[in-house]
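> Same order as they appear, the protein sequences are chains A, B and C. Take the position in the first sequence, starting the count at 1, then add 526; the result is the number in this note's numbering. Take the position in the second sequence, starting the count at 1, then add 47; the result is the number in this note's numbering. Take the position in the third sequence, starting the count at 1, then add 30; the result is the number in this note's numbering.
Heads up, none of these hints are tricks.
Pairwise CB distance ranges (calculated):
1) A:I595 <-> C:A695: 24 to 30 Å
2) C:G666 <-> B:Q90: 41 to 47 Å
3) C:V693 <-> B:G153: 24 to 30 Å
4) B:V223 <-> C:A695: 39 to 45 Å
5) C:S688 <-> A:L609: 29 to 35 Å
6) A:L609 <-> C:V650: 54 to 60 Å
7) B:L205 <-> A:D580: 16 to 22 Å
8) A:D580 <-> C:V669: 47 to 53 Å
9) C:A692 <-> B:P156: 19 to 25 Å
10) A:I595 <-> B:D149: 27 to 33 Å
11) C:A695 <-> B:G153: 27 to 33 Å
Below are the DSBU-like pairs computed for lysine-lysine, each with C-alpha atoms no more than 35 Å apart in a straight line:
12) B:K141 <-> B:K89
13) A:K621 <-> B:K227
14) B:K89 <-> A:K621
15) B:K141 <-> A:K621
Because the hints were derived from the structure by calculation, they are not lab data. Bear in mind the structure is a predicted one, so any value in this text is a computation, not a measurement. Glycine is no exception: its CB is placed at the ideal position from the N, C-alpha and C atoms.
Now for the letters of each chain:
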Amino acid sequence: MHLAYPAVLAVLLFCTGLYGVLARRNAILVLMSVELMLNAVNLNLVAFDVWLRDTLHAGQALTLFTIAIAAAEIGIGLAIVLLVHRNRGTADVDKLRDLADPPSDGQDPMDDSMAAPTDNDADQARRARRQTA
Amino acid sequence: MSPALHLAATGHGFLSPTGVEIAFLLVGIATLGAAVLTVTTKQLVHAALWLVVALGGIAVEYLLLTAEFIAWVQVLIYVGSVVVLLLFGLMLTKAPIGPSPDADSGNRPAALAVAVAAAGLLVWVVVDAFRTTWIELDKGVQGSTAASGESLFRHWVLPFEALSVLLLAALVGAIVLSRKTAEPRDAQSGKEKR
Amino acid sequence: MTTTTAAVLVPLLPFLGAVAGLLLGRRAPGFVRPLAVLPTLAAAGLAVLVAVRQGGGAGGGTAPLTAATRLADTGSVPIDLALQVDGFAALVAVLVAVVACCVQIYSTGYLRDDPRYPSYAALVSLFTAAMLLVVYSDDLIVLLVGWEIMGICSYFLVGHYWETAAARSASLKAFLVTKLGDVPFLIGIFALAGDTGTFRISEIHTRLTSETAGVPLDHPTLIALLLLAGVAGKSAQFPLHTWLPDAMAGPTPVSALIHAATMVAAGVFVVARLLPVFASSAAALAVLAAMAAVTMVGSALAALAQDDIKRVLAYSTVGQLGYMTGALAVDDRGAAVFHLITHGAFKALLFLGAGVVIHAAGSNSLAAMSRMSGLAQRIPDAFWTMTVALLALAAIPPFAGFFSKEAVLGTAEHAATGHTPGVPEGVGWTVLLAGLLTALLTAGYAARLWLLAFHGRGEPVPDHGKQPVAMNAVLWVLFIPTAALGLAYGTLPDWFDGETLTPTLTTSVLGTGLALVGALVMYGAWRHSSARAARVPLGAVAAHPEAADAVSEAEAIATHEAAYGSIAGASDPADPGRLLLGPLHRHAAVGFHLDAVYSALFVRPVAAAARLVRFLDREVVETYVRGAGGAPRLLGAAVRRAQTGNVQTYLGALLAGSLVLAVAAVLVAAGA
Chain A
527 MHLAYPAVLA
537 VLLFCTGLYG
547 VLARRNAILV
557 LMSVELMLNA
567 VNLNLVAFDV
577 WLRDTLHAGQ
587 ALTLFTIAIA
597 AAEIGIGLAI
607 VLLVHRNRGT
617 ADVDKLRDLA
627 DPPSDGQDPM
637 DDSMAAPTDN
647 DADQARRARR
657 QTA
Chain B
48 MSPALHLAAT
58 GHGFLSPTGV
68 EIAFLLVGIA
78 TLGAAVLTVT
88 TKQLVHAALW
98 LVVALGGIAV
108 EYLLLTAEFI
118 AWVQVLIYVG
128 SVVVLLLFGL
138 MLTKAPIGPS
148 PDADSGNRPA
158 ALAVAVAAAG
168 LLVWVVVDAF
178 RTTWIELDKG
188 VQGSTAASGE
198 SLFRHWVLPF
208 EALSVLLLAA
218 LVGAIVLSRK
228 TAEPRDAQSG
238 KEKR
Chain C
31 MTTTTAAVLV
41 PLLPFLGAVA
51 GLLLGRRAPG
61 FVRPLAVLPT
71 LAAAGLAVLV
81 AVRQGGGAGG
91 GTAPLTAATR
101 LADTGSVPID
111 LALQVDGFAA
121 LVAVLVAVVA
131 CCVQIYSTGY
141 LRDDPRYPSY
151 AALVSLFTAA
161 MLLVVYSDDL
171 IVLLVGWEIM
181 GICSYFLVGH
191 YWETAAARSA
201 SLKAFLVTKL
211 GDVPFLIGIF
221 ALAGDTGTFR
231 ISEIHTRLTS
241 ETAGVPLDHP
251 TLIALLLLAG
261 VAGKSAQFPL
271 HTWLPDAMAG
281 PTPVSALIHA
291 ATMVAAGVFV
301 VARLLPVFAS
311 SAAALAVLAA
321 MAAVTMVGSA
331 LAALAQDDIK
341 RVLAYSTVGQ
351 LGYMTGALAV
361 DDRGAAVFHL
371 ITHGAFKALL
381 FLGAGVVIHA
391 AGSNSLAAMS
401 RMSGLAQRIP
411 DAFWTMTVAL
421 LALAAIPPFA
431 GFFSKEAVLG
441 TAEHAATGHT
451 PGVPEGVGWT
461 VLLAGLLTAL
471 LTAGYAARLW
481 LLAFHGRGEP
491 VPDHGKQPVA
501 MNAVLWVLFI
511 PTAALGLAYG
521 TLPDWFDGET
531 LTPTLTTSVL
541 GTGLALVGAL
551 VMYGAWRHSS
561 ARAARVPLGA
571 VAAHPEAADA
581 VSEAEAIATH
591 EAAYGSIAGA
601 SDPADPGRLL
611 LGPLHRHAAV
621 GFHLDAVYSA
631 LFVRPVAAAA
641 RLVRFLDREV
651 VETYVRGAGG
661 APRLLGAAVR
671 RAQTGNVQTY
681 LGALLAGSLV
691 LAVAAVLVAA
701 GA
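Make the full structure from the sequences, and use the hints.
Structure follows, in C-alpha cells:
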C-alpha cells in the first residue's frame, strides 16, 4: 500500500479537526475536534510504524500512550468545561473573553479579568447577579 | 513524462490499486466524511455520533494497516469511553437537542481559510515526499497483540508506568475540578454570621 | 565708642531689629513693639551722635569720615564695604532715623490691632536699615543693595492691605515702574565704574573735581542719563512718577516714611552725591532741569484735582522732589539736600496728620470731608500741626519750607543770570520759572486741602474716639523741625558745600507773593463753590471708633472707587480745584493720562506678547506634545482592537502565521 494514502488521510483529518477547533462555538465540540486531530496523528504514527517495520514498535507504543493521554485530556477538559459552565452559565468559547484588553471606558471584561482572580467577593457578587438573572 | 511519474509507474502505480488500497480508500472517504460532518453539523448530539463513525473508521484503517491491538484499543477507549464522556458533557452543559443555529462562531470563514490552506500545504508536502513510498503489508503482521504487548512491557515499561501516574493525576484533577466546592458557601455563611 | 563704630551701628541696629522681629513676631508678640521701636530709636540716637561728632561738612572744612573694608576682589573693579559720612550723609541720616522713629511709634497706635503688625514693623525696620545704608555707603554696589532692599520693602508695605485690589495692583505697579528705572541705573553704575575704575563715590568725586588729577569721564552724558533713569524711578520724577500716587494704597505711616520723607528722596540724595558726574555734562543738566520743571508743574496741577487726601500729598511730594532735582540741575546740592531735609520733616508730619484725619472723618475723600463740620475741633493736635506743615509746604515764612524753597529759587536765579559756571542760563531760567509757577500752585492746593478738610460745612463729624497719645506726640515732635528748621539756614552751609542758603530778596518776594496769591485765589474759589456742597450730598464714611486707625483707612481705600467713581478724583461740583482748573480738571485728576499712555506703550504690547506666547505654547507646542502622546495612543487603540478575548481568533491568527512560516520554510528548502 502506498504510504501516501494514510498520510493524506491523516492530513485531511487533521485539517478537519483544525477547522473544528477554530470554528466551533461550543467547548465540547471543540474538544471533539481536538480528538479528531489526535487521531490523525495516531494514524500517521501507525502508518509509519508499519512502513518502517520498527522492531521496537515505537510508533504503536506511542500511539497507545497518545490514546491514554487523550483520555486523560478529555477527562480534564470536560471537567474544566463543566466548571466553566457552572460558573458562567455558558460553555461557548467566544463568550469567555476575560483575556480581552478592556476598552478605554472600562467595562465588565475589565472587572472580570482584574477582580475575579484576586477577589472572592467579586466572584460571589457575580454569581449572585447571575442567579438573580 | 516526468521522472517521478515514471518511477511511480514502474513500481506500484496509483492507477492499479491493490484490494487493500481500495478498501482503505473507501473507508478513508467515509471517515473523512464523518469527520467533516462532525465539525459542521448543527446538532450537537449528532456531532458526537458522527465522531463515533469517524473514530470507528479510523479503527478500521488501523486494522487495514495490520495494527489490530491499536484498533481494538481505539474502539474501546475512544468509541467506548471518550464519546460517552463527551455525550455526558453535552448533557451536563444542557446542550440543546435539535439544530442549534449558533453552533459555529463568527470565525468560520477565517477558520475555513486557515484549514484549507493548511490542508493544501500539507497535502502538497506529504504527496511530494511520499509519492513513491510503499508499505509492504504482506511481510507479517506488524501490530499484533503479542508483538505490541511484548514491546510495550519490554522496551516501554518505564514510560508505561509513568503514564499510569499521569492518568492517576488526571483522575484526581478531574475529580477536584468537577467537585461542587462547598468552600465558598461556607465562607459566605461565615460572612453572614459575621 | 568711636564715631566709625557708631556709624556702622546706625544701619546695623534696625537690620538686627528687623531680623529679630521677623523671627520672633509670631512666637513672642510681646516683644514685637520693643523690637520695632527700640533699635530704631537707638539708631536715631547714634545718628545724632555721629552728626554731632562729625560737627560739619565740606563747607566747614571738616574732612568726611571714611572707613572701608574690601568686600569682594572682583578682579577688575573691587567692591568695598565702605562708608563715608560727610555733612550731607550725617544730616540725611539724622532725618531718616528720626522720621523712622516717629513712624514706628506712630504705627504702634495706628496699626495696634493689625494681625500683620509684626511683619509690618520688621519690614519698616528693614527699610530703615536699607535707607541708612544708602545714606552712609561710599560704594555704589553696596548702595545698590540698599537701594533694592528699599524697593522690595516698598513693594511689601504698599501691598500691606493686600485684601484690596487697589493695594495689590499698586504694589505691583510700584515695583515694576521702579525696576524699569533700576535697570538703566545698574548699567549706569557699571559704565561709571568702567570709566573711573572704581565704585567708591569718594574716589569718583576726587577724580572729577580735583584740579590736579582731574580726569574727565569718557561718556558723561550717557552715564548721567542712565543714572537719571534710576533716580527718576525711585524719586518719582516725570515720566516714571506714576507709581507714587497709587502707592498711597499702603498704610499711612508707610506713605509718610517711604513715599514722602525718605525712599523717594534717596534718588535725589544719590544725584547729590554723584553731582560732579552730572555737572560734567551740560546735556544731562538740561535734561534734569526739564524733568524737574515738567514734574513740578504737572504734579502741582494734578494735586489740585485729587480727591483722596493722601493722593494730594503724594502729588505734592512729586512736586517737591521736582524742586530738589531742579536745585541739582543748577549744580547746587546744598539747596537740594536742605529742601530734602525740611520736606522730609513737614511731609512726614502731613502724612501722619492725614492718617489721623482719615480715621476721624472715616473717609479719605476731601469731598466727603468738605461736607462735615467740626473736624478741626475733634482733632486739635492734628489740625494745628497740619496747618503749620501746610504753611511750610506753601513756603510761607517763617516756616521751614520757605527757607529751603527760597534756597532753591535763589540758586536757580543765580544760575539764570549766568553766575554759576558750567550751568547753561536756560537751565536756570527753566528751573526758576517752573519753581515760581509751582509755588503759586502749591499754595493753591495746600489751601484747598486745608479748607476742604478742616472747614467743611454740614453734619458734624461723629465722635470716633480719642487718638492715642503716641500718635499725637509724634505729630508735635515733627512739628518742631517743620516750624523751626528753616532758621538754621545760617549754619547749614558749613555742613554742605559752603554755598549760601540765605534767601535773596527778589525770589523771596516773588515766591511768597505768588504763594499768597495762590492761596487767596483758592480761598475765593472756595467761598464761591462751597455753597454748592450742601446741595450735592456725597461721601461714604467708614466709622470704626473702637478699631485701630488703619481699619478705617483700608476700608476707605477699598471703597473709594465704588463711592466716588474713580480711585483719584471725585465728581464733586463744590470742589474749588474744579472751578479753577476748568476743563483741565478732567485730565489732571487722572494724572494727565500718563497711565493710559503707559498702558498703550507697555502694558498692552506686553499683554499681547504674553497672549502670543500663550497661543504658541497652547496651540503649537502643545500640539506636538499631544501628537507625541496621541499617535501611540491611536496605534494602541488599533492593536487593542485585535485583543478581543476570543481564543479562537488568537489561535487562528497563530496558525495562519505558522502556516506562512511553513510555506516560507518549504520554499527555502526547495530552493525556490
